[in-house]
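Sequence lines, in order, name chains A and B.
Residue numbers for the first sequence follow the numbering used here, so the first one is 8 and each next one is one higher.
Residue numbers for the second sequence follow the numbering used here, so the first one is 10 and each next one is one higher.
Certain hints may be false.
Cβ-Cβ distance ranges computed for the label pairs, FRET-style [said to hold, decoys possible]:
1) V37/A with D188/B: 56 to 64 Å
2) P85/B with S143/A: 31 to 39 Å
3) D93/B with G123/A: 41 to 49 Å
4) E84/B with A30/A: 23 to 31 Å
5) P125/A with N210/B: 33 to 41 Å
6) D74/B with R80/A: 29 to 37 Å
7) A175/A with D205/B: 18 to 26 Å
8) T48/A with P85/B: 32 to 40 Å
9) H177/A with S138/B: 53 to 61 Å
10) R23/A with S138/B: 32 to 40 Å
11) H177/A with V220/B: 26 to 34 Å
12) A181/B with P125/A: 38 to 46 Å
Pulled from the structure, derived: some chain A residues nowhere near chain B, Cβ distances all over 12 Å [stated by the list, open to error]:
13) A57
14) I65
15) A91
16) L150
17) I198
18) I228
19) E232
20) F247
21) A271
In short, the hints are calculated from the structure, not lab data.
Here a beta-carbon is modelled for each residue, glycine too, at the ideal position from N, C-alpha and C.
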Amino acid sequence: MSDRPTRRERYERARRRRSVAIATVSTIVVVGALIILIPLTPGWDRVRQAFFDGDVFIDTFPGLLDAFWLDVRILLWSTPPILAVSLMIALARNTRSPALFPLRAFAVIYTDVLRGIPVILLVFLIGFGVPALGLSRTWANPLIWGSVTLVLSYSAYTAEIIRAGIEAVHESQRAGARSLGMTSSQTMRTIVLPQAFRKIVPPLMNTFVSLQKDVALVSLIGPVEILRQAGIDKATYANFTPYVAASLIFLALTIPCTRLADWALARQRARTGATTIA
Amino acid sequence: MRRSPVLRRIIPVIAVGALVLAACGSDDDASGSADGTLAPTDTASGSTESTDSGSDAGDCSSTIDDGVLTIATGEPAFFPWVIDDDPTTGQGFESAVAYAVATEMGYEGDAVVWTRTTFDEAIQPGAKSFDMNLQQYTITPERAENIDFSLPYFTANQAIVALEGSSAEGAATVADLKDVKFGAQVGTTSLAFITDVIQPNQEPFVYDDNVGAKAALEANQIDAAVFDLPTALFVSGVEIEGSVVVGQFPADAGGDTDQFGFVLEKDSALTACVDAAITVLTESGELDAITQEWMSDFTGAPVITVE
Numbered sequence: 008m009s010d011r012p013t014r015r016e017r018y019e020r021a022r023r024r025r026s027v028a029i030a031t032v033s034t035i036v037v038v039g040a041l042i043i044l045i046p047l048t049p050g051w052d053r054v055r056q057a058f059f060d061g062d063v064f065i066d067t068f069p070g071l072l073d074a075f076w077l078d079v080r081i082l083l084w085s086t087p088p089i090l091a092v093s094l095m096i097a098l099a100r101n102t103r104s105p106a107l108f109p110l111r112a113f114a115v116i117y118t119d120v121l122r123g124i125p126v127i128l129l130v131f132l133i134g135f136g137v138p139a140l141g142l143s144r145t146w147a148n149p150l151i152w153g154s155v156t157l158v159l160s161y162s163a164y165t166a167e168i169i170r171a172g173i174e175a176v177h178e179s180q181r182a183g184a185r186s187l188g189m190t191s192s193q194t195m196r197t198i199v200l201p202q203a204f205r206k207i208v209p210p211l212m213n214t215f216v217s218l219q220k221d222v223a224l225v226s227l228i229g230p231v232e233i234l235r236q237a238g239i240d241k242a243t244y245a246n247f248t249p250y251v252a253a254s255l256i257f258l259a260l261t262i263p264c265t266r267l268a269d270w271a272l273a274r275q276r277a278r279t280g281a282t283t284i285a
Numbered sequence: 010m011r012r013s014p015v016l017r018r019i020i021p022v023i024a025v026g027a028l029v030l031a032a033c034g035s036d037d038d039a040s041g042s043a044d045g046t047l048a049p050t051d052t053a054s055g056s057t058e059s060t061d062s063g064s065d066a067g068d069c070s071s072t073i074d075d076g077v078l079t080i081a082t083g084e085p086a087f088f089p090w091v092i093d094d095d096p097t098t099g100q101g102f103e104s105a106v107a108y109a110v111a112t113e114m115g116y117e118g119d120a121v122v123w124t125r126t127t128f129d130e131a132i133q134p135g136a137k138s139f140d141m142n143l144q145q146y147t148i149t150p151e152r153a154e155n156i157d158f159s160l161p162y163f164t165a166n167q168a169i170v171a172l173e174g175s176s177a178e179g180a181a182t183v184a185d186l187k188d189v190k191f192g193a194q195v196g197t198t199s200l201a202f203i204t205d206v207i208q209p210n211q212e213p214f215v216y217d218d219n220v221g222a223k224a225a226l227e228a229n230q231i232d233a234a235v236f237d238l239p240t241a242l243f244v245s246g247v248e249i250e251g252s253v254v255v256g257q258f259p260a261d262a263g264g265d266t267d268q269f270g271f272v273l274e275k276d277s278a279l280t281a282c283v284d285a286a287i288t289v290l291t292e293s294g295e296l297d298a299i300t301q302e303w304m305s306d307f308t309g310a311p312v313i314t315v316e
């Protein structure tokens, strides 16, 4: 093989250079226009003062970072139960025995109801409602009931994702496994679920990113996490810069996760042989 | 050949990065010069207005709608500040004060129009949907950097509400309150009062509104909530069965004094006019009379001392 590029390779390289040039120029034009035009708007000075105040940022950032640790903890202890509950609900929905109809019905009602109520309402209903039944101080803790709410709501979403993954595994896989003498549960455990989970990694990551932000809703029933701390700081300084700072802290967590989800998606596309059409 | 896709991705990123960096540098210059060119005209017009108006009654005509004074309050507005959530009746302390001030400014009856805003809307930059806003806004220097405050029309003490049998009950000094789990509304002086003056051993819980604090009291998640005294008396007397006002703190207890003022747009031409009206009402004793009429039931409670 000669090292000289073929005509086709030269042509493709030229096309790529052209793409890069166009992308660069259009990006410069768009970003440049934004940077020039936004400060020209009549309210820019006020917006800058209210949202991008350096002193307020420096004053509030450490406290916000501190408060964010509570978000991370809620996220960490809520995720395993979400996966466990959603898997159980998805499996319950996939049972086929007529005797188990009540189980299937329960699974349908669970997903319909808990997915249909906005998380913010669930947080209030469960976070204030359940402890008001007369629980002791320890068990009335809003962190417990806030986390329970997240688990209920997100497991309903995740169960649907898992169910879709299970249904995306071709019926012939089950048939093959059963014909080899595997039991129904063996088939599910060793043949269907591994394939299903490979398919649903990207949507699961997506849901995880969404959960990272919804954790902040727990603050509505008392605990001071980053969103609430930002609200307190906002009221103290009458300035929205703490919200900008909190957004940056959230992004530091969510961007790596979304990149990871994109990467998983791209890898899956490559594996399943889907080609990119420009 | 393998490098090209990577390059293709990286070059725009570098380009954007360089642009942003360059822009950040020039941004300061640009806005600096914009400040330089704009600021003098701003201050010039501002100072002419304030010299026009600041001298005596003020310029009361520059409202957002000609000939009409638009006053904002909360949604919903609570007793005893506004009775039955209807500020147009003049019933309720803030409604009565608003009409008295409006009359003093030369707007009577139909010339007063009501609107509703949240706290956030009132401190956002940009045009305002109201001429003045009252919903128990406490006057603080930090807030005053973004908005105008009128002179105060009311001073409220902080007070503690607890369920009967709570560990906060019978407290005589702040030292008795160290082990109490507190709750308060976000952004209120009540919350600052807990963290700055009471300094309890457990972190307080924080809620969007008083309703959240009430729900938490009933859910046994907190021992006591801190409100301004009128709200505390109303909450314990009407809203939560079995709750009591454990006590109130004297005005000199520390923290920010809870003085309520009207909120106006930053550098509003109306501020001097509102101030003038409040001064007249204070000196004539009319403001005292309104306070007596609507708030007299809301000032009695045992006093808790701060060491």
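Here's how the hints hold up against the structure:
1. The hint said 56 to 64 Å for the Cβ distance between V37/A and D188/B, and at roughly 58 Å that hint holds.
2. Taking the beta carbon of each, P85/B and S143/A are about 34 Å apart, inside 31 to 39 Å as hinted.
3. Separated by about 34 Å at the C-beta atoms, D93/B and G123/A break the suggested range of 41 to 49 Å.
4. The hinted range of 23 to 31 Å is not satisfied by E84/B and A30/A, whose Cβ atoms lie roughly 48 Å apart.
5. Here the CB-CB span from P125/A to N210/B is close to 36 Å, well matched to the stated 33 to 41 Å.
6. Between D74/B and R80/A the Cβ separation comes to about 51 Å, which falls outside the hinted range of 29 to 37 Å.
7. With their beta carbons about 57 Å apart, A175/A and D205/B fall outside the hinted range of 18 to 26 Å.
8. The supplied range of 32 to 40 Å is met by T48/A and P85/B, whose beta-carbon atoms lie about 34 Å from each other.
9. Under the hint 53 to 61 Å, the C-beta atoms of H177/A and S138/B, about 59 Å apart, fit the expected range.
10. For R23/A and S138/B, the hinted distance range of 32 to 40 Å is not satisfied, since their beta carbons lie about 53 Å from each other.
11. Between H177/A and V220/B the CB atoms are about 53 Å apart, so this pair departs from the stated range of 26 to 34 Å.
12. Checked against the hint of 38 to 46 Å, the pair A181/B and P125/A passes, with Cβ atoms roughly 45 Å apart.
13. Interface exclusion of A57/A from chain B breaks down, the closest Cβ pair being 4 Å apart, not more than 12 Å.
14. Residue-level check passed: I65/A sits 15 Å from the nearest beta carbon of chain B, beyond 12 Å.
15. Every beta carbon of chain B lies more than 12 Å from that of A91/A, the smallest distance being close to 27 Å; the non-interface claim holds.
16. With a least beta-carbon separation of about 10 Å from chain B, L150/A fails to lie farther than 12 Å from that chain, contradicting its non-interface assignment.
17. The claim that I198/A lies off the interface holds: its Cβ sits roughly 36 Å from the closest Cβ of chain B, which is beyond the 12 Å cut-off.
18. Distance check for I228/A against chain B: the nearest CB is about 7 Å away, which does not clear 12 Å, and the non-interface claim fails.
19. Distance to chain B contradicts E232/A as a non-interface residue, since its nearest Cβ pair spans about 10 Å, not more than 12 Å.
20. Here F247/A does not stay apart from chain B, with its beta-carbon only about 8 Å from theirs, under the 12 Å limit.
21. Distance to chain B confirms A271/A as a non-interface residue, since its nearest Cβ pair spans about 18 Å, more than 12 Å.
This entry does not satisfy hints 3, 4, 6, 7, 10, 11, 13, 16, 18, 19 and 20, going by the numbered hints stated previously.
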